[in-house]
Amino acid sequence: MNTLNTNCAGIARRDFIQVGVGGVLGLGMSDLIRLRAEAAWAVGKASPDQVNCILVWLDGGPTHYEMFDPKPDAPSDVRGKFDPIPTTVPGVQFCETVPRLAKTLDKMAIIRSICHKDPNHGGGNHYMMTGAPTPVPVNCGSSVSFHPSFGSMVSHLRGINDGLPAYASLPRKSRSAGPHFLGGQHAPFVIDGDPNRKGYRVRDVVLPKSISESRANTRFKLRESLDRMLRITDAAAADPSVDFDSFYQQGIDLISSPEAQAAFDVEKEPAEVRDRYGRNDFGQRLLLARRLTGVGVSFVTVYNGGWDHHTKIFETGFKKKIATVDTGVSALINDLHDRGQLDNTLVLLLGEFGRTPKINKDGGRDHWPHAMSVLVAGAGVPPGQVIGATDVKGYYASENIYSPEDFACSLYTKMGIDPHKILHTNTGRPLPIVNGGHPIKELFG
Amino acid sequence: MFCFSENRFRGLVAWAFFLCWFSDVALGQAAEAQAEPILVFPAEIVLAAKGRQQLLVQQRLANGLVRDLSRDAMFSSSDPSVVFVTDGVVRAAGEGLAKVRVEAAGQVASVDVVVGPKASGARLSFVADVLPVLGRAGCSNGGCHAKPKGQNGFSLSVFSFDPAADFREIVKDERGRRVFPALPAESLLLKKPTLAVEHEGGKRLEVGSPFYQIIHDWISQGMLYRRAGEPKFVGISVFPNEQRYPKSVEQQLVVTARFEDGSTRDVTHLADFSANEKEIAEVDETGIVRVGRLSDEGVVVVRYMGQVARARITVPTDRQFNDAVYAGLPRNNFIDDLAYTRFQKLGLLPSEACSDSEFMRRAFIDVIGLLPEPGEARRFLADESPDKRAELIDRLLDDPAYADTWANRWGDLFRPNIARVGLKSAYTIDNWIRECFAANKPYDQMVREILTAKGSTHRVGPAVIYRTRREPATLTTLFSQVFLGVRMECARCHHHPNERWSQRDFYQFAAFFAETKRKGTGISPPISAGTEFIYHAPGGSVRHPVSNEVLKPTPLAATPLNIPAGTDPRETLAEWLLTPENPFLARAMANRVWGQFLGRGIVHPVDDFRATNPPVNPELLDALAADFAVHDFDLRHLMRRIMNSRLYQLSSLPNKTNVQDTSSFSRFYRRRISAENLHDILVQVSGVESGFYNLRRDARSVELWTTRMDSALLESFGLPNSSENCPVERDDRPSMVQALHLMNSDKLQAKLADKNGRAAKLSQDDKPSDEVVNELYLALYSRWPSDEEKRVALEAFKSGGAKRHEVVEDIIWALINTAEFVFNH
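Those protein sequences? They're chains P and H, same order as listed. Its first residue numbered 1, the first sequence is counted upward by one per residue in the working numbering. Its first residue numbered 1001, the second sequence is counted upward by one per residue in the working numbering.
With the rest of the complex left out, here is chain P:
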């Protein structure tokens, strides 16, 4: 009876681990990465299940006025101090703060008419990160999880089969970015640290700094000879140590594959490309995100905090912050376009809500969920369009109004996922991925 077994099975590895045969995957990690990269780089229309997503999260609620929805005809206490500028699309104006994105509008779209009713950070974050409103009101300090986040859902539905995390979040995760009932394995793999720093390494996927390859080789050999607990290989026995082995095998594959290792290394990029994204932590995170989706990570969130501008929205701090985003995100879209990867990559830029029309006494704007602008690019989104509109003062979405559910349906549809598929929670409760909503038709050419 072949019930008890040790994990004497060999493991795919590169030169520092010498013995061994192919892994459980049949293909080694390097082959997989190459195949997936080839699929990702294939120029032309991608099938939706090959589309990966980069979601840029501006935490706090980015202003729609000072970015994509300027209101030059509104009174000065609404209009603000910045001027509108033309974009590559005749008749469409952005705010002067985003000149590079204005020049990129021919490769992307802006939705000006998404709105909801939750003015709190906790609730707004949940709504825009999961597509589901919170079932109870939650306050601004809260971080809550009542529904799986977009990334966790994608990880769950596409599966984490190939030894790469399906869902990563840089450099931290936002409040409602968790897996909820889908379980810890679909939580985002958080990649912290500053990729702009020299010698930056993604945590845990590369050998510790002080460990040379030859020493790692010694360690892996030792581990293999010393892991002697018997495994119960009958699947009906549900021995978790059998899963443990397959995860170690995948992990070792990842460490051993030069291609996988390269995906995590932004320093492999030409200096000129790195410059275009901006030599700062945020810009380099976008670049890292592009490298990750390029080898098949399904969903990458790039988190950028500090967008809760209750004060001083017209001063240097804000200008610097938005310049970083303008530079980085326009570089990302153009770079993906130039590499022929834009069709396979969905790029999103949003926060939890927009900001109040009236400028407050501190020269800032407060929370305003009744109108917000969302940037959408790639994955076949017809470029050069502004979808929907707000009223003349920017108070309310007024044309082609869309809900967060519509946004969520669009995201999932772009990634080849039926947004109305029913999942079942741990208690057996049927739960649609998105409750209601329809894909936003303008995003589908």
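Derived by calculation from the structure, the hints in this document are not laboratory data. Note that the coordinates shown come from a computational prediction; the quantities given were computed from them, not determined experimentally. Just so you know, nobody snuck in bad clues.
These stretches of chain P come out as covered by chain H in the derived footprint (C-beta under 8 Å, 3 or more residues):
(1) 184-191
(2) 198-211
(3) 221-230
(4) 246-257
(5) 416-428
(6) 432-439
Don't be surprised by glycine CBs; every beta carbon is placed ideally from N, CA and C.
With the hints as your guide, set chain H onto chain P.
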């Protein structure tokens, strides 16, 4: 490819011994030749006009198992003008008496049938006739029209819990467009499900089918809500509800609806069936169970009009052993007696006892969340006292580390979100839980303090629960789950789909919290959070959300309690809950603690007691709960009882009978060590502290009072997110992220290489390499290395170039990254 070990040989030897000792008690093919009488269910049948009854024909086999012959039987009616039989279903044709003759397996039986008169002018009823059809067709399923906002503008109540609203929706809404009495077939209610017009839910009814005809006729008769004197539906039963089955057989289930006036009706064709464990048994939409090829126990859940019943499917192993086999097994206390009774029923034999090393490691992790130090491991392994395991259990339960370890585990049930209640409140309740475990406060006392908490959230720990849970309904959800082991959340919005609990049950329970008042700062951002006072004052009520009736405080499955004027209803609730006879409290906690030690609950998940999720061993749970209650709800007593059982001390390696057992505890189930315990154990084996920012430098992670932590290790291994609602469910599955972290974490590597760490210390002395290896095995695995392991490890010291402390580090690294280390086994 697989490797043999001494352990495996030992198992084989023991197995051979059993084979010689006990000849197989026959089960299997030979037994079927025995001609036992056939049994027909139901034994007599009373049908209304147009009524129907599913028949069941069974035969008991010599081995005590039963087989279903329904689909092979021949049926004939003595008077086809009264009844006729098609596909095993008796159908009424006209008033009168008749006999149905049943022939199967060469035997004959007969059943008397009475068919009642056709009531003149009887009209179809929405409640009694139409709603069951809509349920069966899936319309009122939670994924379709019973979603929170309905589907495509048409909304029904989940499991028809609000028939009046459903009636309005169908008959009155959309200006009556859904029903068209003049031409019933033109009604949307019939055109949509038959796909005469587009329907996102697909085809749900065939034109002209019996179900179609019911809706059609109901519309043409003018859409009656309910017949005058129509008896109220009270519940369902399923037959057979408990039975042992051979593998790979089929069994028809029969579902009977019961009414207030004592009448019954066969609703097999209207019921919904689902199987809990599909590997053990599957069920189709007609109620035919297909038993799989595993031996274990599963449950088929039957739902009809918001009521549930379950059929328990027990599949014994192919071999059974006689009483003497079980009588000869070693047993330490009543737990083993009751477990062996169940093993015998299933044909399981328990695994061997675990080794002293395994026991020691297991007991340390489970009680204090740490490993034994090498010195203690040496002493224990060398100790020849027969009572050494019991003595170790006593010593661990008295260890100061016990309180923090268990407070941390229990904290999962109550730990508030600091962003909601403020830091000080979060700290206050954490501290209270720690004090409870340190003082070994009786469990009933802990529960009383929570249920009746009053005062400042900055001083009274349990008062904080009322700060974070602010409505009677949210308190009901928490307390019913934690103290009663019942998940009531579903019944908040609709009849519980898997239980008897209705919205009335839910809100009657919630009414105990109607008079709980709050004063001061409410929920608020951290740091600045002021205090809030929780107190009782008369006034306040809870209403039924559908009927709007004011409800009397009533515990689950009980009558309303008499609450003297001026008394806090919570005090009265506590009186009801905290008696040793209470059917919920002791069972729920005994099961929770059992789950912590044995890897899963007797009811699993541990806080999901319900009719459709029965305990795997009810007698064991009852005995454990009674023992806990009678010993004054002493948690350490309960733990001592569990740990001293032979069951807790079984090996995790299976024998031939129990390899597929994943719920009866005939072997020890391996599980990954929890995030906090693994962290503390890594600190222990590396000899280097982590230093959490808000605690003492040498604090263990089980001392953390909030899960808002920046620790990749804790997060990778499933530390719950502080945003989750408590009680949190931990994910204890292994993952690739965990593997990567243990292999590559810079922080962990820094711990291994620390100049004051274990590796550095062990390599500084002139200790012979041989002893260093012993020391490492004792520290990480609580055992001595085998000769082969020692040879491999010593080889590492000999390879040229490597520094001695690096070799020690590498061995520790290798041992950490093994299943033997990461699992409690």
